[in-house]
Structure formats: C-alpha cells, structure tokens
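> Line by line, the protein sequences are chains A and B.
Here the working numbering is used: position 14 in the first sequence is 437, and no number is missing along the way.
Here the working numbering is used: position 284 in the second sequence is 297, and no number is missing along the way.
Don't read these hints as lab results, they were simulated from the structure.
Glycine included, every Cβ here is placed at the ideal spot set by N, Cα and C.
Misleading hints may appear alongside valid ones.
[Said to hold, decoys possible] Derived EDC-like pairs (lysine to aspartate or glutamate); straight-line CA-CA distance at most 20 angstroms:
1) K255(B) to D508(A)
2) K72(B) to D109(B)
3) K255(B) to E511(A)
4) K481(A) to E169(B)
5) K472(A) to D508(A)
6) K94(B) to E53(B)
7) K59(B) to E98(B)
8) K294(B) to E315(B)
9) K151(B) to E169(B)
[What the hints assert, rightly or not] Label pairs and their in silico Cβ distance ranges:
10) D109(B) to R500(A): 38 to 46 angstroms
11) T435(A) to L328(B): 45 to 53 angstroms
12) T320(B) to N434(A): 52 to 60 angstroms
13) R84(B) to E511(A): 41 to 49 angstroms
14) V309(B) to A437(A): 50 to 58 angstroms
15) A105(B) to L495(A): 44 to 52 angstroms
16) R500(A) to R132(B): 53 to 61 angstroms
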Amino acid sequence: MSYSRYGAPPNTRAVNFMCIAPEAQHVTMVGDFNQWSPTSHPMKQMPDKTWLIMVELKHGHHRYAFLVDGQLTLDPRAMGVARNDQNERVSLVPVS
Amino acid sequence: MKPSVTRKLATRAKSSGRKSAPGPSGKIHPVVIYPYRQPEDYSDLKLLYQLIARLNREKDVYARPLTVIDRKTHFANEDNKSFREFRTRTVARHSDILDTWGVDTCQTWYSGLGAAFERGGPEDVYWLIPGDFNYGTKMGQEVLSRLHDLPEICQELQQDLCIGEIATDHNNSKQLIDTYGTFALLYNWFPTEAQAIREYTERPRSEFFAVRHGFLREVLRHRWFAYEQTVVMLLHAVFDNKHISRFFVGNISDLPTGRDSLASAMQQVDRTERVLKLLWKERNQPQAGWSEQYRVLEERSEQVRRTAHVIFQNLLG
Chain A
424 MSYSRYGAPP
434 NTRAVNFMCI
444 APEAQHVTMV
454 GDFNQWSPTS
464 HPMKQMPDKT
474 WLIMVELKHG
484 HHRYAFLVDG
494 QLTLDPRAMG
504 VARNDQNERV
514 SLVPVS
Chain B
14 MKPSVTRKLA
24 TRAKSSGRKS
34 APGPSGKIHP
44 VVIYPYRQPE
54 DYSDLKLLYQ
64 LIARLNREKD
74 VYARPLTVID
84 RKTHFANEDN
94 KSFREFRTRT
104 VARHSDILDT
114 WGVDTCQTWY
124 SGLGAAFERG
134 GPEDVYWLIP
144 GDFNYGTKMG
154 QEVLSRLHDL
164 PEICQELQQD
174 LCIGEIATDH
184 NNSKQLIDTY
194 GTFALLYNWF
204 PTEAQAIREY
214 TERPRSEFFA
224 VRHGFLREVL
234 RHRWFAYEQT
244 VVMLLHAVFD
254 NKHISRFFVG
264 NISDLPTGRD
274 SLASAMQQVD
284 RTERVLKLLW
294 KERNQPQAGW
304 SEQYRVLEER
314 SEQVRRTAHV
324 IFQNLLG
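With the rest of the complex left out, here is chain B (with noise of 0.2 angstroms):
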C-alpha cells in the first residue's frame, strides 16, 4: 500500500480551498489510456487508480474520469483473471470504461477525448493520463502527484494547452528520437512553427498534457491521425496562435514494451515523417506551386530520416 501520492494531493486540494470553492472556471475531465498490453504486475496501475479513485471522488472538481481499453487488450485478456478483476474491482468502480477499436494509441486519445468533449462544456479542461508509466516507482510516484498540475494551470491561466514534460537522460532513446527525428524533421517541414514549439518544450511527442475546451474542439475538427497527434495539437496551436504552457512532471520512463528497440524508434521517427508530410499538403494544397515545394522538402526530408536512422543504428542497434 502506498498511499503517499493520493494523501498528498488531497492535502493540496483541500489547502487550496478548492473542495468548498470551485468557482465558475468549469470542471477538468481525466482521460486514462489504458496500457495496451497487460502487465504482469498490477502496482504501477494500481498507483494511478489511486489517483483516479481520489480524483472521483472530488466530483465539483472532477467529472466522472474515463478510461479507454483497446478492444485487442480486452480479448487478448478474456482469460486473464487478473485482467478482469481489475477491470472489474478498479478501473469500473472509480471511472467510467469506454471500450474502442483502434489502430494505434492517438486513436483511443481520439476516442476518449472525443466522448470526454461530449460531455464537457465551454470552460471545462480535459486531461490525458497514459496508463503505461512506471507510477509505482518513487519517480512515478513524484510524477503522478504533479500530473494534476497540467489541467490547473489551463484552468487558473486560461491556457489552451498545457504539455508535460518528463526528464530523460541525453541519450535516451526518446530524447534521441525527438533530437534527431521529430525536431529535425520538423524544422524541415514546419520551420517556423518547430522553433515556436521548442520554446516551450523539448518533448513535442509527449503522452502527458492538459487542453482546453474551446482548442479541443477544433483540433477534434481537424484531421485526426493514429500517432504522433501531440506534434499535431502544438503544431495548430501556433498556427492559430493558442496559449501554450509546459510544466515538468519529473523523470520517468515508459515500461519495457519494447518501446526502448531501435525498429521502434525507426518506426516511430517514419510515423512523425508521414504525419508530417500529410498536414503540409492539407495546408499548402490550395497554393500554386506546392508539389514543386513538396518535391523539395521531401528530398531533404528523407534525408533526416535517413541520418536520424543512422544514429539510432550506432546508439540503439
């Protein structure tokens, strides 16, 4: 039993008054990614259903929290009694399930932010919780008793978007991937607007963030993709010029699904050039000459792949 994060945020939110006082700044809707694969060990979950539990409690701040499960996850673990207890016993009790077919992990954002929205009105935040952290560590720990920093600082500084950093050491294969991939490949299609994002964060990929009604609901009116929807909602952000915030959760990591394998960071920073390329021709369609300028960038695109899968070889392979 570790109770220390939930303690510690109750503390907070009753030292803030916030319990008696709500106010007229709407309520905050968490969103939980449930892990697509099934851990062996349940405390990292268990930890953030801790979480999830207090949050559904202090229901004139929170809405009822929604937990998206992957169909694929749920079958995969019909025979899984660990699985169905905890779905049962947890993940029911404290938050609302919404169970969705989707080909990759921006899609079940697509579709719980989606119903969240449905829910939500106009001065409401909405808060995306990943489900696949280390939590039940002491770092974990440090980080999940932040997290509810992000939808605050929407809600008390009128912020469209708030993005939650993690800290990772130089050569960890995220930071590589967003060095060497996202950035590079950013500041090749979207120049502009990749050095806008970098002044906010170093982690334009992140699971973590917090995000406001009124830009919810034009991103959810934008082209949705499958991965990779995080560069996409600061990308929009500084084209219409939103209020973009980052805060530290601490240092984390994912768990061990693979995540850390050099085809998974290829695969990752080939993602980032495909979603990329399809939100440059969706914007420049309409101007003479674009394929000309296409043709262009998607020469030196390849090339930053190309270099960026070089350097994942020599690090990661």
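Same shape as in the complex, but just chain A (with noise of 0.2 angstroms):
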C-alpha cells in the first residue's frame, strides 16, 4: 500500500495470519473489521498446505476467527480471547 507523500501517515498496519488446516477445502477470515463477512476475506493455502492472508488493521484491538470449511475456528496464536455479538468465543490481535 502507498501513500501520499504530503496526506497523513498510515494508521494501518499489514499483518499476516496463518491457519493450519491442511485437510480443509476453504478457508477465510472473519473479524470486526469486515463486519464478520465469510466471504470478504478468503485465504490462500500454500504449497505446505498452511492458508495464509495478510490484512491491514487499524491501530487498536480487534476481534477475529477462521471460518474452516465454514466452522467458526479459534486462532491458536492468538494472543487473546474474547467473545464476539452473536456471543462467540473469538480470538484477539493488538496492533501497534
């Protein structure tokens, strides 16, 4: 992403999320910042079977999961847990 050399300085960060579900057929990524959309946000399986998506966030804290072939999946490197609206357990990232 490029910004303009006079507009104001990015308040996003790129960051990468990896899932390992090598036996999956889909994968996407869900959270507050696409307004929990499963279809928003695919991610891409590498050739080690791992899916892979890196997205920007705003500076803060934000709420995310993995839909797994359409299953609601906890992030295990996440750093913290919350629950979402509906009330689900989801995973946390802070971003600096």
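Need the complex rebuilt from these two chains, each delivered in its own frame; the hints are there to steer you.
Have a look at this one:
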C-alpha cells in the first residue's frame, strides 16, 4: 500500500495470519474489520498446506476468527480471547 | 536507565492518535498495588514507575494513577531511607498515594479500586497493576509494554473484564496451584461456571486485570474477600453473563518473597476453598435442601484439597 507524500501518515498495519488446516477445502478470515463477512477475506493455501492472508488493520484491538469449511475456529497463536456480538468465542489481535 | 518500555508505549500512544483524540470512551484509572515487602533492589519498581510517570503525563487518556501502600509496609520501613526517598520522590510524584490498613492483598485492591471508582464515571476503566513482579528483567519490560492492552481492550471492545495471562512452565508453583487447586476446587463448587472460566483463562487468580466501571460497581457491592478476589470476580462475571476477555501479557514470575514454598502453595489452596465455600453458601442458602448439598460438596472439596496438598508435597516439598 502506498501513501501520498503529503498525506496523513498511515494508521494501519499489514498483519499476516496463518491457519493450519491441511484438510480444509475453504478457509476465510472474519472479524470486526470486515463486519464478520464470511466471503470478503478468503485465505490462500500455500504449498505446505497452511492457509495465509495479509490484512490491513487499524491501530487498536481487533476480534477475529477463521472460518474453516464454514466452522468458526479460534487462532491458537492469538494474543487473546474475547466474545463477539453473537457471544461466540473469538481471537484477539493488538495492532500498534 | 532502561527507557525502552516507556518509549515504546509513548510511540504507540502517539501513533494510534489517542493523545489527540481520546474520544468519548472515558478514562483509564491505573491502580498500583505497592509491594508488601520492600525490595532491597529498586530496579523493578523504578521500571514500573517509569511507566506510571508516562501514564501520569497522558492526562487526556489516564486519570491520575493511584498507588496503594499498606500501612504495615510503611511502618516497617519508617527508618529505611531508600523507601522514604522512593516514596517521596517517585511514587508520590507520579501518583496519588492511598495508605491503607489491609488484612491481605485483595483488601488493598478493594481500597484502591474503590477509591478510583469514586473518582470515575460510567465510561471509565480501572486497571490493576501489581507492584511485586520482576519488571526490571527483559521479560518484565516486555510485560510492562503489553499491560496497557488490558484496559484498552475493555474500552475498545466494550469488555467488562479483561484478564492478563502470564505464561509459566508446567511445574511452576502457580501452574500447579491453578491446575490441582483452583480449578479442581472450582469444578467441585461451581462446575458450570468453572468450565466457562477455563474457556477464557488458565490463570483465574491473575493479578493483572482491567475492569469496566459498571461491572466494578457491581462487584464492589458484593461481598469482597481478602484473597482470591480475581476468582470471585470471574465467577460473578459468568453468573451475570458479562463480557470477559483474556490477553497474553508474557512470561513473568513473582519476586522471590516465599510464594514458591510448599506452605504458601497449600495456604493459597486453603484460601481458595474457604472463599468458594462462602460464595457457594451465599448463593445457595435461599434454596431448600442446601445444607445437605453443602455437606456432600464439602466432603468432596476436602478430598480435592488433600490431593492438591499431596501433589505439592511431592513437587514442591
């Protein structure tokens, strides 16, 4: 992502997420940042079968989870756990 | 001089734009629990109060920090020049001091959180910071740089309680106490709630936490226990379907004040049992047949406690 030389400094940071689900057919990332849309952030499977995505996130704390073949799945590498508005357990990531 | 923590925090606060736009989310009230036993080496406390100094400067985000000092600590160190100087030149400079008489640590929490609550408003968040940790070490500094996440999570994500979780190895006394003592007793007295708590944290006795004004108001009005109050707050949060979150703050250990001893581990489990019994009775006494159920649970509880003691004897004795 590029920013104008005269524009405001970027208030976001690119964060990489990895999901290990070698047998999964389809994995997407959902969270506050995409209004928990199950389709807007599909993850890409790498040759070693892990699923990856890079997301631009604003500074602050974000709730998120992986949808592994439609199943809401916590990130075992997450820094924290909280509940989303549907009262489901989801992961937490701080962005500084 | 180790300025890395404060520098990192200041950079973060500026980069997030919080200084210029605190928003309608209320203030964060840092409440520091000063160590009961005065350390000979002040390096841990100096690092902690570098953070407190920075918080004290950010007046649009943080309320004036509050340090709670037990009067017994004060009187035990009346002739200690280092203590007097540190109290006057550092603690009092960067925070208000609340001198209190307390039977145990959680009573000093009660005094400190209660005093901060009386200064606060509905959108505010209260952040408990224990003073007796090894903040001077590299890992301690890493923890200090993450602690601010706890109140921020409460503010940004509208959480009622955010527990800071520390990592320890499996044979650490904290881990042993929580596995064979705290959770085993919780599963006996409050099995449903214990499962809910464990979905969030493996450290239900953590001294690192932040709590929102509304939930703090509720727990301050319940019976407050002199010890194991984090467990009690977690139980109330589950009873009342509050929003709980957990955040990893790093690897850290208590300062060596004897907490690792066998006697101390046993005492902590005994206290947990005592608190859970009282809380169970408080909630169940209005129901018919509670005393029979209590006797059954009490018998099982004794077995759990004895088993924990045997395990501690084997591993810590």
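> So, for every hint listed, does it hold in this structure?
Now the hints, each set against the structure:
no. : hint                                   : result
1   : K255(B) to D508(A)                     : 12 angstroms, holds
2   : K72(B) to D109(B)                      : 14 angstroms, holds
3   : K255(B) to E511(A)                     : 13 angstroms, holds
4   : K481(A) to E169(B)                     : 12 angstroms, holds
5   : K472(A) to D508(A)                     : 31 angstroms, violated
6   : K94(B) to E53(B)                       : 11 angstroms, holds
7   : K59(B) to E98(B)                       : 12 angstroms, holds
8   : K294(B) to E315(B)                     : 16 angstroms, holds
9   : K151(B) to E169(B)                     : 28 angstroms, violated
10  : D109(B) to R500(A): 38 to 46 angstroms : 40 angstroms, holds
11  : T435(A) to L328(B): 45 to 53 angstroms : 48 angstroms, holds
12  : T320(B) to N434(A): 52 to 60 angstroms : 53 angstroms, holds
13  : R84(B) to E511(A): 41 to 49 angstroms  : 47 angstroms, holds
14  : V309(B) to A437(A): 50 to 58 angstroms : 56 angstroms, holds
15  : A105(B) to L495(A): 44 to 52 angstroms : 50 angstroms, holds
16  : R500(A) to R132(B): 53 to 61 angstroms : 38 angstroms, violated
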